[in-house]
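With these hints in hand, go ahead and build the complete structure from the sequences.
From first to last, the protein sequence lines are chains A and B. FYI, the numbering for the first sequence is 1 to 459, going by our numbering. FYI, the numbering for the second sequence is 1 to 459, going by our numbering.
Among the clues, some could well be false.
Identical chains share a label here; the pair holds if one copy fits it or two copies do between them.
Derived EDC-like pairs: lysine to aspartate or glutamate, alpha-carbon spacing no greater than 20 Å straight-line [said to hold, decoys possible]:
1. K260 - D77
2. K250 - E188
3. K379 - E296
4. K250 - E84
5. K250 - D77
6. K457 - D59
7. K199 - D77
8. K110 - E188
9. K343 - E368
10. K110 - D275
11. K326 - D132
12. K457 - D132
13. K110 - D456
If you're looking for bench data, these hints aren't it; they were derived computationally from the structure. Since the model is a prediction, treat every value here as computed from it, not as a measurement.
In case you want the letters, here they are:
There are 2 protein chains.
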Amino acid sequence: MDLLNKLQHQGHELTSRALDRHLRIGVTGLSGSGKTAFITSLVQQLTVGDQPDNLPFFDVVRQQRYLGGRLAAPLLDVPRFPLEANLRALQQTPPIWPPSTQGWSQLSLKLRYKAASGLRAHLQSRSELALDIIDYPGEWLLDLPLLDLSYTQWCEFSWQLFAKTHRKDIAAPFAALLSSVDPQNATELQLQTLTEQYKQLLQQFHQTPGAYLNQPGRLLVPGTLAGAPMLQLFPLLPVQANAASPLSNKLAQHYDSYRKHVIKPFYQQHFSGLDRQVILVDCLSALNAGHAAVSELQQALQLILQSFNYGPSSILGRLFKPSISKVLFAASKADHATPEQHKALTLLLQQLLQQPLKQSQYQAATTEAMSIAAIRASKSGFVQVDGLAQPCISGVGINAQALTYFPGEVPAKLPAASTFNQHKFGFLPLRPLPWQENQLIPHVRMDHVLQYILGDKLR
Amino acid sequence: MDLLNKLQHQGHELTSRALDRHLRIGVTGLSGSGKTAFITSLVQQLTVGDQPDNLPFFDVVRQQRYLGGRLAAPLLDVPRFPLEANLRALQQTPPIWPPSTQGWSQLSLKLRYKAASGLRAHLQSRSELALDIIDYPGEWLLDLPLLDLSYTQWCEFSWQLFAKTHRKDIAAPFAALLSSVDPQNATELQLQTLTEQYKQLLQQFHQTPGAYLNQPGRLLVPGTLAGAPMLQLFPLLPVQANAASPLSNKLAQHYDSYRKHVIKPFYQQHFSGLDRQVILVDCLSALNAGHAAVSELQQALQLILQSFNYGPSSILGRLFKPSISKVLFAASKADHATPEQHKALTLLLQQLLQQPLKQSQYQAATTEAMSIAAIRASKSGFVQVDGLAQPCISGVGINAQALTYFPGEVPAKLPAASTFNQHKFGFLPLRPLPWQENQLIPHVRMDHVLQYILGDKLR
Chain A
1 MDLLNKLQHQ GHELTSRALD RHLRIGVTGL SGSGKTAFIT SLVQQLTVGD QPDNLPFFDV
61 VRQQRYLGGR LAAPLLDVPR FPLEANLRAL QQTPPIWPPS TQGWSQLSLK LRYKAASGLR
121 AHLQSRSELA LDIIDYPGEW LLDLPLLDLS YTQWCEFSWQ LFAKTHRKDI AAPFAALLSS
181 VDPQNATELQ LQTLTEQYKQ LLQQFHQTPG AYLNQPGRLL VPGTLAGAPM LQLFPLLPVQ
241 ANAASPLSNK LAQHYDSYRK HVIKPFYQQH FSGLDRQVIL VDCLSALNAG HAAVSELQQA
301 LQLILQSFNY GPSSILGRLF KPSISKVLFA ASKADHATPE QHKALTLLLQ QLLQQPLKQS
361 QYQAATTEAM SIAAIRASKS GFVQVDGLAQ PCISGVGINA QALTYFPGEV PAKLPAASTF
421 NQHKFGFLPL RPLPWQENQL IPHVRMDHVL QYILGDKLR
Chain B
1 MDLLNKLQHQ GHELTSRALD RHLRIGVTGL SGSGKTAFIT SLVQQLTVGD QPDNLPFFDV
61 VRQQRYLGGR LAAPLLDVPR FPLEANLRAL QQTPPIWPPS TQGWSQLSLK LRYKAASGLR
121 AHLQSRSELA LDIIDYPGEW LLDLPLLDLS YTQWCEFSWQ LFAKTHRKDI AAPFAALLSS
181 VDPQNATELQ LQTLTEQYKQ LLQQFHQTPG AYLNQPGRLL VPGTLAGAPM LQLFPLLPVQ
241 ANAASPLSNK LAQHYDSYRK HVIKPFYQQH FSGLDRQVIL VDCLSALNAG HAAVSELQQA
301 LQLILQSFNY GPSSILGRLF KPSISKVLFA ASKADHATPE QHKALTLLLQ QLLQQPLKQS
361 QYQAATTEAM SIAAIRASKS GFVQVDGLAQ PCISGVGINA QALTYFPGEV PAKLPAASTF
421 NQHKFGFLPL RPLPWQENQL IPHVRMDHVL QYILGDKLR
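Now the structure itself:
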């Protein structure tokens, strides 16, 4: 009996230390993709939602081997994901979506379960997995491609982007301002004034539906770098960038410094520690915003995917040895469409990813795509229309009006530009459903999410 | 001729590298003490104000050996002191004081001069000194004493402070809130709610004249640490702190983490690199605010002075080998009193510092005290009162009214508490004098400042 205890204890030590008992999962996505709601729901499902009815496709729960999850003691010097504040937002009357976070934050959990088979099942009554969930802005990943672009190339890239229909008018005043600038003048006043104008432009883009691809990623949220000269950074007009001048030289210096002091350290110090990655994509809002928006989303995803391209000639391969083995792409807010449209939504996401996926060499990481709703904002049902059952959803609109409606079909393929001329997509934004503490958080397919990103570690 | 050139070149290499040709000067002071105006003026005096008439007591200028100063290329990844923006503030109509900065920033200069004598004078036609001027909040130095206090001791210290007359009423609601708290409850919600309340209290103190001593220094400006659990930190009532409970235990952990991850790194990474230090003290505002304010200023200076106490048993001696060799205490805004009162102002500052100076062992650093105005806000003169010439100053008040008045006498000694009952000090705040670009910035004794902190390096 003492020997058995000892063996069990030793086995436990072994598993927590030497074996693979610690997992770091990154959660990211472009602004508005639903990161905060996703992590809030994920943690609730793992800590209080672990009933087979609620998570039928999460094997460890369905097989009743899951013993429970709890929050672990946080690292005191790392920003903590504000779970409790987010849950309070859902409990407001009326409920509101949790506020989005602006930087890197983390939440740590301990998951306990019975091993299904193997040595561990024999030696231990329970196994434990330490799980770190890490939230960071997808915009930071949009900076990676800058490592492979010169300042001049970045200017060309930026102004090609700013020429797109949904950006052109917004960018026109900044283009006119740059045209009037003397490139021999690289004074502090000139640099600061133009940077402030570029920041305003980025803020306008940020509020423009479908303008996903905003670089550099840290200009609007500089943190302790505020005031560092390298953050005086904006794309000159290509003709200006191509001509050597005090202004273009100085901006090229700042660009190089930004790559060295911001982009590389993020990948080397933070990103390199992740084991798995969830990337949320709000396809429905892109459809709402039209053809240019969908095209830009595809382009942004292509750039983001470079962070998961581990080929020997990849940018990351030159920086460090990556360790991300699984990447889940999740089309978020699926509950804003009717359930029979979810399949099409997944196919659409796959098509958005297809081109970049083909181009990349995923030597280490496996990928999956699915449609989910981390925190349901609608109930689905049917209404009788001319004697036929028509699928519908009901929820509460942003202006507090109760809605029951059919939001329309989700295209399973990228619609042609002409489609957007004939048809306007209108997937309405909804408020979260009312929620009380200790209730389950209603979701769509969070069990599939959990099974994909955690299932193999809880066997 | 070629040999001479070579010798000169070698001499120059020698001086810039091996010799003592690089100086880092820290400029600090509590909020409102005039750091931004001081650095703005200092840089202007060194770059465009180098005429003997303007800086008569700055030897290198008076001896016409100063060849000029210019801004050096900044480090691109370090926040840069916003000199140009500050100068623009002075050029507004009406002129406004430059906005205060919230964190660490730096400005680098190259100063050229002819050496007065010695090897350098023979070998070189000109010598160069690289000067870094570093701005940081004096509040950060108020954190040093926490390294020698336990969490419980800090709570006792804080609530003794909050019992002072000018703080008591403001702190009463937070004290009442803490009294009603269940110390068994150390949930995230509880910690966050109480921290938010303490932040509000700190903000109120921050706006209270004479409430100088606010700890911890980073709670209101967390930078990238925002959301880190260790910043959930506030002083429990001493009776609560002295009793072990989940709440007191958790706060003690956060306190330790704050000391480890905020205070120590500041001293080891930033403060340890300084060669000299200017500390600005606004004595006149303290006098305006009354006896409790002057007492607290004295107490705050005592704590700040611990950062310059290098005795073997000092806190700093245990952290690193300090290199600050000169500390200048400057009573700022001297131009808000009439010139014949400046001597008394210097004596008052010396008395404010006397007690702590006695207690400390300044083994390495020499100290000096003087009264200055970095950017003059008044002109001084005389008015005839009953046939007698009475000293006065004239300037523009904060509400745009033109003023010519005698602001009153500055006490050369710390006034007794009773004095404040009989006499109210009223040194009015003034706007800066109108200033045009390329004009000299009018000042009081910036030449003495320059001579003390730089004179020996420009011989």
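Okay, the hints, checked on the actual structure:
In this homomeric assembly, K260 and D77 come within 20 Å of each other (Cα to Cα) only across copies, at 9 Å, whereas the closest approach inside a single copy is 24 Å. For the identical chains of this complex, K250 and E188 are intra-copy neighbours only, at 10 Å inside a copy versus 46 Å across copies, given an alpha-carbon limit of 20 Å. For a Cα distance limit of 20 Å, the shortest separation of K379 from E296 qualifies neither inside one copy, at 31 Å, nor across copies, at 61 Å. Only between protomers do K250 and E84 lie at most 20 Å apart by alpha-carbon distance; the minimum there is 17 Å, versus 45 Å within a single protomer.
For the identical chains of this complex, K250 and D77 are inter-copy neighbours only, at 14 Å across copies versus 36 Å inside a copy, given an alpha-carbon limit of 20 Å. In this assembly of identical chains, K457 and D59 lie within 20 Å of each other by CA distance solely inside one copy; the values are 11 Å within and 73 Å between copies. Proximity of K199 to D77 under the C-alpha cut-off of 20 Å is restricted to the inter-copy arrangement: shortest distance 18 Å between copies versus 30 Å within a copy. For the homomeric pair K110 and E188, the shortest alpha-carbon distance between copies (17 Å) is at most 20 Å, but the shortest distance inside one copy (51 Å) is not.
In this assembly of identical chains, the alpha carbons of K343 and E368 lie at most 20 Å apart only when taken from the same copy (14 Å versus 77 Å across copies). When the C-alpha separation of K110 and D275 is checked against a cutoff of 20 Å, the pair qualifies only within one copy, where the shortest distance is 16 Å, while the shortest distance between copies is 48 Å. For a Cα distance limit of 20 Å, the shortest separation of K326 from D132 inside one copy, 15 Å, qualifies, whereas the shortest one across copies, 48 Å, does not. Taking CA atoms no more than 20 Å apart as the test, K457 paired with D132 passes inside one copy only; the shortest distance there is 13 Å, against 53 Å between copies.
With identical chains, the CA atoms of K110 and D456 are at most 20 Å apart within one copy only, with a shortest distance of 16 Å there and 61 Å across copies.
Violated hint: 3 only; the structure is consistent with all others.
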